[in-house]
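Whole structure, please, built from the sequences with the hints as guidance.
Number of protein chains: 2
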Amino acid sequence: LRSDQSETRTSLRMKAVLSVVLVLVVISSTIAKYIPKSGKRIPQTLSRGWGDQLIWAQTYEEALYWSRSRNKPLMVLFHLEDCPHSQALKKVFSENNEIQKILDEDFIVLNLVYETTDKHLSPDGQYVPRILFVDPSMTVRADINGRYSNRMYAYETGDINLLISNMQKAKKLLKAEL
Amino acid sequence: LRSDQSETRTSLRMKAVLSVVLVLVVISSTIAKYIPKSGKRIPQTLSRGWGDQLIWAQTYEEALYWSRSRNKPLMVLFHLEDCPHSQALKKVFSENNEIQKILDEDFIVLNLVYETTDKHLSPDGQYVPRILFVDPSMTVRADINGRYSNRMYAYETGDINLLISNMQKAKKLLKAEL
Numbered sequence: 001l002r003s004d005q006s007e008t009r010t011s012l013r014m015k016a017v018l019s020v021v022l023v024l025v026v027i028s029s030t031i032a033k034y035i036p037k038s039g040k041r042i043p044q045t046l047s048r049g050w051g052d053q054l055i056w057a058q059t060y061e062e063a064l065y066w067s068r069s070r071n072k073p074l075m076v077l078f079h080l081e082d083c084p085h086s087q088a089l090k091k092v093f094s095e096n097n098e099i100q101k102i103l104d105e106d107f108i109v110l111n112l113v114y115e116t117t118d119k120h121l122s123p124d125g126q127y128v129p130r131i132l133f134v135d136p137s138m139t140v141r142a143d144i145n146g147r148y149s150n151r152m153y154a155y156e157t158g159d160i161n162l163l164i165s166n167m168q169k170a171k172k173l174l175k176a177e178l
Numbered sequence: 001l002r003s004d005q006s007e008t009r010t011s012l013r014m015k016a017v018l019s020v021v022l023v024l025v026v027i028s029s030t031i032a033k034y035i036p037k038s039g040k041r042i043p044q045t046l047s048r049g050w051g052d053q054l055i056w057a058q059t060y061e062e063a064l065y066w067s068r069s070r071n072k073p074l075m076v077l078f079h080l081e082d083c084p085h086s087q088a089l090k091k092v093f094s095e096n097n098e099i100q101k102i103l104d105e106d107f108i109v110l111n112l113v114y115e116t117t118d119k120h121l122s123p124d125g126q127y128v129p130r131i132l133f134v135d136p137s138m139t140v141r142a143d144i145n146g147r148y149s150n151r152m153y154a155y156e157t158g159d160i161n162l163l164i165s166n167m168q169k170a171k172k173l174l175k176a177e178l
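In order, the protein sequence lines correspond to chains A and B.
Quick note on numbering: the numbering used here labels position 177 of the first sequence as 177, and the sequence is numbered without any gaps.
Quick note on numbering: the numbering used here labels position 14 of the second sequence as 14, and the sequence is numbered without any gaps.
Simulated from the structure, these hints should not be mistaken for lab results.
Watch out, some of these pointers could steer you wrong.
A pair counts as met if it fits within one copy or between any two copies, since identical chains are not told apart.
As the list claims (entries may be wrong) - Listed next, the in silico PhoX-like pairs over lysine-lysine satisfying Cα-Cα at most 20 Å (straight line):
#1 K72 with K37
#2 K169 with K40
#3 K40 with K101
#4 K101 with K91
#5 K172 with K72
#6 K72 with K169
#7 K171 with K101
#8 K15 with K172
#9 K119 with K169
#10 K169 with K101
Okay, here's the thing in structure tokens:
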């Protein structure tokens, strides 16, 4: 009798284990995520490599809203993934801890690969890389320029210190809070 | 004498090793990446959890450009991170392989947490979650609706099949290519 009971118990345990396995198989096949035919992709980031630790706005409207409501200047960075000047600047920009720290603490940041409809963001044309500052009063700071007179908002890798001093200039808001 | 030479060699080797270590320390401290005071952040993704394998447009302008140039309809999805209806829909939406596959192969996709200035994208008001389809001819498909007469572009988790049939409707372009 005892041996029989023991066998029954073993059999029941087996069934329980099999049920659990079956449930797990069903669950995992149900929640298997979609994978494109061309293979799994790495999710795109909003930073696009310009500073993974910064909190990037997605659109200009969103950036303007944050800038106004937090009373912080906005940096808008136009670039292209297949532009070697953009890529070179991106490397220096993202690896410069001083830039990253100031941007994180004192700025709203937005990087765009596609132009907006707002012409104030292209005072002397649409080119990349191009960096514009916008005051929380929603005024584009056309007075904050880089080194090149024909492309006043362009920066090269050697212009990082000028960029930092321009960031300091942008931090002095046009209209101080009372 | 030999013993002396051996000691000198060992000493030189030690110095060499120490120099290399020093150089490595200097390099690593130079390239150490910026980390915010509040701690390391996970980079934000453009998908925001609505489908990590899809290629998301960043802005409406970008999405319209892709839609026109690739002759694919555009899905614009308005949502909020702190809206429980958005979050519930996101879970069902991102885990539904049929939706993900159709979107990946036949649509341009854009998700926004901030409204655009284009009023055609809010035909009956600004609410979330809200899904609008745009034809490659740049016409907002106001005729493609969900289940609710007071919020014609809202979808709940139970409306997934209706959403899929609406996606099929959007795939029939207003003006077929010749």
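Status of the hints after comparison with the structure:
{"no.": "1", "hint": "K72 with K37", "result": "between (44 Å within a copy, 19 Å between copies)"}
{"no.": "2", "hint": "K169 with K40", "result": "neither (44 Å within a copy, 28 Å between copies)"}
{"no.": "3", "hint": "K40 with K101", "result": "between (33 Å within a copy, 13 Å between copies)"}
{"no.": "4", "hint": "K101 with K91", "result": "within (16 Å within a copy, 35 Å between copies)"}
{"no.": "5", "hint": "K172 with K72", "result": "within (10 Å within a copy, 45 Å between copies)"}
{"no.": "6", "hint": "K72 with K169", "result": "within (13 Å within a copy, 44 Å between copies)"}
{"no.": "7", "hint": "K171 with K101", "result": "within (13 Å within a copy, 46 Å between copies)"}
{"no.": "8", "hint": "K15 with K172", "result": "neither (73 Å within a copy, 50 Å between copies)"}
{"no.": "9", "hint": "K119 with K169", "result": "neither (22 Å within a copy, 36 Å between copies)"}
{"no.": "10", "hint": "K169 with K101", "result": "within (16 Å within a copy, 48 Å between copies)"}
Consistency with the previously given hints fails for numbers 2, 8, 9, ordered from lowest to highest.
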